[in-house]
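For reference, the chains in residue letters:
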Amino acid sequence: MTALLYLTFVTPVLLVCLWLAATALQAVVGEEAIGQVKRLARVLVKRAARSLPPDERETFIRDVLAELDSDELEDRPLSQLLMAIDLWIHSSGLRPGGSEVVRRLRQRLGSTLVWCSGADARILSYVPAERGFATALGGSVLLVGGFSGSAVAFVAGGRLFLDPPVAAFAGVVVCALVVLIERFLLVVEFSTWRRSWVSFFWSLSLQIMLAYLVAETVKLVLLQPVVLEPSVLGDGLSPQYDRSSEVLTEGVGQLVWIHGREALFEGMLDVILMAIVCTPYVALLLRRLGGPRPIYDLVSEELRKAE
Amino acid sequence: MTVRLTTQVLHLLAVMLEEPEGEWYGLELFRVTGIKPGTGYPILQRLLRAEWVERREEPIDPRVEGRPARALYRFTPGGRLHAEDAVKGHLTSLAQKGRLKKARVQPA
Chain H
7 MTALLYLTFV
17 TPVLLVCLWL
27 AATALQAVVG
37 EEAIGQVKRL
47 ARVLVKRAAR
57 SLPPDERETF
67 IRDVLAELDS
77 DELEDRPLSQ
87 LLMAIDLWIH
97 SSGLRPGGSE
107 VVRRLRQRLG
117 STLVWCSGAD
127 ARILSYVPAE
137 RGFATALGGS
147 VLLVGGFSGS
157 AVAFVAGGRL
167 FLDPPVAAFA
177 GVVVCALVVL
187 IERFLLVVEF
197 STWRRSWVSF
207 FWSLSLQIML
217 AYLVAETVKL
227 VLLQPVVLEP
237 SVLGDGLSPQ
247 YDRSSEVLTE
257 GVGQLVWIHG
267 REALFEGMLD
277 VILMAIVCTP
287 YVALLLRRLG
297 GPRPIYDLVS
307 EELRKAE
Chain S
265 MTVRLTTQVL
275 HLLAVMLEEP
285 EGEWYGLELF
295 RVTGIKPGTG
305 YPILQRLLRA
315 EWVERREEPI
325 DPRVEGRPAR
335 ALYRFTPGGR
345 LHAEDAVKGH
355 LTSLAQKGRL
365 KKARVQPA
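Residue numbers (the numbering used here), protein chains in the order written: chain H, 7 to 313; chain S, 265 to 372.
To be clear, the hints were calculated from the coordinates, so they are not data collected in a lab.
Since this is a predicted model, take the numbers as computed values, not measurements.
Glycine included, C-beta positions come from ideal geometry on N, C-alpha and C.
Heads up, a few of these hints could be off.
What the hints assert, rightly or not - DEER-style ranges, computed between Cβ atoms: (1) 49(H) to 357(S): 39 to 45 Å; (2) 301(H) to 348(S): 33 to 39 Å; (3) 84(H) to 345(S): 38 to 44 Å.
Start from the sequences, fold in the hints, and give me the full structure.
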C-alpha cells in the first residue's frame, strides 16, 4: 500500500518539485554561471594535460575539448565539469609510466593496511571480497596509532618540554606500539572462530586497557589549554593543576557543580575516545557474533586442514 | 611496444574488435564500455603510444556542423592482431579458470 502510494503520488510530486527547483536554479544562476562552469571544465582539462609529454599535449587538449563541445555534452555543463574533474583526478594515468607508479604505491599502501588489520594475506588472495573489510580495519588501526602517537608527541613536547625531535620520536614509538598491540588483538580475533569465553575476555580486557591508555593520553592534549590557564595555576611557576586556589575562591555548591560538570565531561570524553580506539576490534567482533560465519574463516579452516 | 592489459583495456579492445575496421570517437567508446573518461582517455593515450590504434580528425567542416572536429580512433594493422591475441588469451584463461572451478565444485 505504501509502495503504491509512493508510486502514484509521492514520486510524481517529488519529480515535479525537482524540475521546478532546477528551473528556478537555472533562472537564478543564469547563463553567466553556466559559462563559468564550462570554463572551469576547460581549465581542468588543460591542467590534466600537463601530465602528458609536451608533444602530445596540444593534440590531446584539442581532442578532449572537441568532445566537450560535441552535441552530446554541449548543453550539459555539469556533465562537462564531471568529466573534466574525473580526467583531472586520474591525470597521473596520462603520464608515460605514471599509472604504473600510482598502481604500485596503491598496492604497497593496500598491503600495509591489510598487515595492520591482522588478516592473513594468503587467505585474502583466496577471498578477495574480504580485502575491503581488512583494508578498512587496517586503516582504522593505523588511524588510532597515529592519533595516540601524535597525542604523546604533543604531550611530550608541550607539557614535558622535551626537544621536538625527542617528542616526535616518542610519538613514533607509541604509534608503533599501539599499532602492534591492536594488530596482535585483531590477529587473535581473526585467526580463531568461536574461542573460549576466557580467552575472549582476556583479549577484550587488553583491548579496553589499551583504549583507556590511549584515551587518557589524548585527553591530556585536549584538556591542556584548561590545565594551563593562569586562573587555575598554583603558585604561578609550575604548570600544575592546583585545586586549592579554587577552594579559596569558589563557593562549595559552585565547586561541586564545576567539578561535577568537569567529571561528566571527562567521562564522556573517555567513553568517546575509548569507543574510537575499540572500533576495529568491535567491528570484527560484531561481524563474528552478528551474522553468518564469514567466508574468510571457512577458507582459513580449509587451509589449516589441508596443511 | 607492450601495453599493460587491465580488465578495462581488454574491455575497450573487445568492443573495438566488434567492428575491427570501424572508427570510434572517445565518448562513444566510453559510453559503450561504461568506462569513465578519466580512465578511458589514459587508456587511449597508451594504445596510441604503443601504436595499437591511430587517430585522425573527423572529416567535417566545423563551420557547417557548428562544432569542432572530433578525434576518431581505429586499429592499426599490427594493433588489431595484438588486440585479438590479448582478448583471446584473456578469454582462454577465463575459460580455464571456470573449468577448474567447476571441477572443484563437482563431487568426486
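Evaluated hints:
| no. | hint | verdict |
| --- | --- | --- |
| 1 | 49(H) to 357(S): 39 to 45 Å | holds, 43 Å |
| 2 | 301(H) to 348(S): 33 to 39 Å | holds, 37 Å |
| 3 | 84(H) to 345(S): 38 to 44 Å | holds, 41 Å |
In this structure, none of the earlier numbered hints is contradicted; all agree with it.
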